[in-house]
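Listed here are the chains, written in short residue letters.
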Amino acid sequence: MEQFFQQVVNGVMVGSSYAIVALGFGLTFSVMHVLNLAHPETAMVGAFAAFVVATLFTTNLLVVIPLAVLAALLAGLLIERLAIRPTRGRHILTSFIATGGLSIVMQNGAQRIFGVDPVRVAVQVEGVQTVGGVIASNMQLMTFGLAVAMMVGARYYVRNTRWGRATRAVSEKHEVAQALGVDINRVSQLTVGLSTAMAGAAGVSLALLHSQATPFMGAIFGTKSFVCMLVAGNRHIEGIMFVGILLGVLEALVAGYISASLRDMVAFGILVLVLYLRPAGIFGSYEHD
Amino acid sequence: MSALLKVTGLHVAYGPARVIHGVDLEINSGEIRALLGANGAGKTTILKAILGLVRAAQGAIEFPEGRLVRGLPPHKIAALGIGWVPEGRQVFSTLSVYDNLLMGAFNEHDQQKVQQRIEEMYKLFPIIETRRGQIAGSLSGGEQQMLAIARALMSAPTLLLMDEPSLGLAPRLVRDVFELVRTINQRGVSILMVEQNARQALRVANWAYLLEGGHIVGSGTPTQIEQSDAIKRAYIGRQAS
Ligand SMILES: Nc1ncnc2c1ncn2[C@@H]1O[C@H](COP(=O)(O)OP(=O)(O)OP(=O)(O)O)[C@@H](O)[C@H]1O
Ligand SMILES: [Mg+2]
Chain B
22 MEQFFQQVVN
32 GVMVGSSYAI
42 VALGFGLTFS
52 VMHVLNLAHP
62 ETAMVGAFAA
72 FVVATLFTTN
82 LLVVIPLAVL
92 AALLAGLLIE
102 RLAIRPTRGR
112 HILTSFIATG
122 GLSIVMQNGA
132 QRIFGVDPVR
142 VAVQVEGVQT
152 VGGVIASNMQ
162 LMTFGLAVAM
172 MVGARYYVRN
182 TRWGRATRAV
192 SEKHEVAQAL
202 GVDINRVSQL
212 TVGLSTAMAG
222 AAGVSLALLH
232 SQATPFMGAI
242 FGTKSFVCML
252 VAGNRHIEGI
262 MFVGILLGVL
272 EALVAGYISA
282 SLRDMVAFGI
292 LVLVLYLRPA
302 GIFGSYEHD
Chain G
8 MSALLKVTGL
18 HVAYGPARVI
28 HGVDLEINSG
38 EIRALLGANG
48 AGKTTILKAI
58 LGLVRAAQGA
68 IEFPEGRLVR
78 GLPPHKIAAL
88 GIGWVPEGRQ
98 VFSTLSVYDN
108 LLMGAFNEHD
118 QQKVQQRIEE
128 MYKLFPIIET
138 RRGQIAGSLS
148 GGEQQMLAIA
158 RALMSAPTLL
168 LMDEPSLGLA
178 PRLVRDVFEL
188 VRTINQRGVS
198 ILMVEQNARQ
208 ALRVANWAYL
218 LEGGHIVGSG
228 TPTQIEQSDA
238 IKRAYIGRQA
248 S
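Protein chains in written order, with our numbering: chain B, 22 to 310; chain G, 8 to 248.
Next comes chain B alone, as it looks inside the complex:
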């Protein structure tokens, strides 16, 4: 039983990172109707930013994390300008090609700069918390807290702020929103900026938890998050968060009880099952208008 709870805790920690990457994927898709294939690469940018800051300047997390998130956000704004804004309103394949191309450029760019091998992100957080034999490291708890803060912040923004309201309006009927005075390019920037900042937080979390960053870390991570979005549907923030965390837990259980080598198959197993049973996702539809 203890081992079970331990796996669940580990799963929640990783799953919260899937959740915030998935949230960004879903947010960008439902607002801009663009699938940003370069989205997971911004997590990688966050991870390498953490590496650079930690190696060259300081290992103080209060500096490392904000700078990593900022780096991912800036990368996101660049992606928005280069590949999302120009392809908005066109066929979805156009944005696929544009953001997919950028994704390849970013992966290979990182490889050019940092090499193929993982770089070591040497930031330590000492200590563990134990509750009834279940252990969570302070580092785990810190990254979990970061993910939760990001989710709560995103939810607050979308629900309770003026631009958040405009974002929901654009997501539903962008022409009407524009004719009411909403600058859609601003909404695009805010949405992609927020989404990629969350991905950056996930990226730096992974880098800290595993003490490393690699140029291709976005790929598998992004695919899993994308699966979360597909499984949850793109309607509810809570739904995406729930599915992200659930995926983390299932993976941890599979790795713990069956075999670690099967871990990466979990996401795709669920995807196939859900798309078969509920093609629009568990929580809502992909349709608009």
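Hint data in this document are derived by calculation from the structure and do not stem from the laboratory.
It should be emphasised that the depicted structure is a prediction, and the values quoted were computed from it without experimental measurement.
Check before you lean on any hint, since a few could be wrong.
Straight-line Cα separation of at most 27 Å, DSSO-like style, residue types lysine-lysine; simulated pairs [said to hold, decoys possible]: (1) G:LYS120 / G:LYS83; (2) B:LYS194 / G:LYS83; (3) G:LYS130 / G:LYS120; (4) G:LYS120 / B:LYS194; (5) G:LYS83 / G:LYS13.
Knowing the structure of chain B, use the given hints to seat chain G with the ligands on it.
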């Protein structure tokens, strides 16, 4: 004095499909003008071109009073004082009624003014007040139309573009809507109204344009339009009422 809105030589195409062919129209302050025409004539397209939502291939759009707006992004055009009641209501169905109203005043930063306008809308549309916390998608068709009109008025526009406000409403509500058009106009808002319901529209408008296949084929006072052959041929002949 120049017109409040003046459209000259407007051409619009969707890709290779050219749908508006050199349309001229204008509206002076204080007027109600109607734009009539059968399905697919291009009425909605003209409104969207004025709003900057579709790109005009050619022509000039001046609002207000001579300012050239063609090519400006829609949010900048809206800020000049144009309100839009889109075809088929198009309320934000996942937002609350109250949030829909707030969206109407998106660029009004004076919260006092916003609240004041909301109160005005509640007076004009009592039903909206009782439904304010509800999700707009749960309103009836008639209620949604009222909300769409209220939302457009929230920005205190000088010109209101109304796209088939009576579409799909029960006869009694249709009468109410046209009454409302008068009321809004009496409060100083100029109105350009697209309608299929030509008879009713001609009753409230003081000038009308007749659009056929992307061309203006007639214009004049309601009496002139009603007596023209063009309208009988293109339009009223097919209407039941
Ligand atoms: N997005 C679009 N892409 C391509 N063609 C379009 C588009 N929107 C409208 N059209 C075409 O342009 C023409 C004019 O359409 P528009 O909607 O302006 O007509 P309308 O007069 O408003 O008709 P209705 O009374 O049915 O609303 C039609 O032939 C229509 O098929
Ligand atoms: Mg129309």
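Quiz item: Does the structure break any of the earlier hints, and which numbers would those be?
Solution: none
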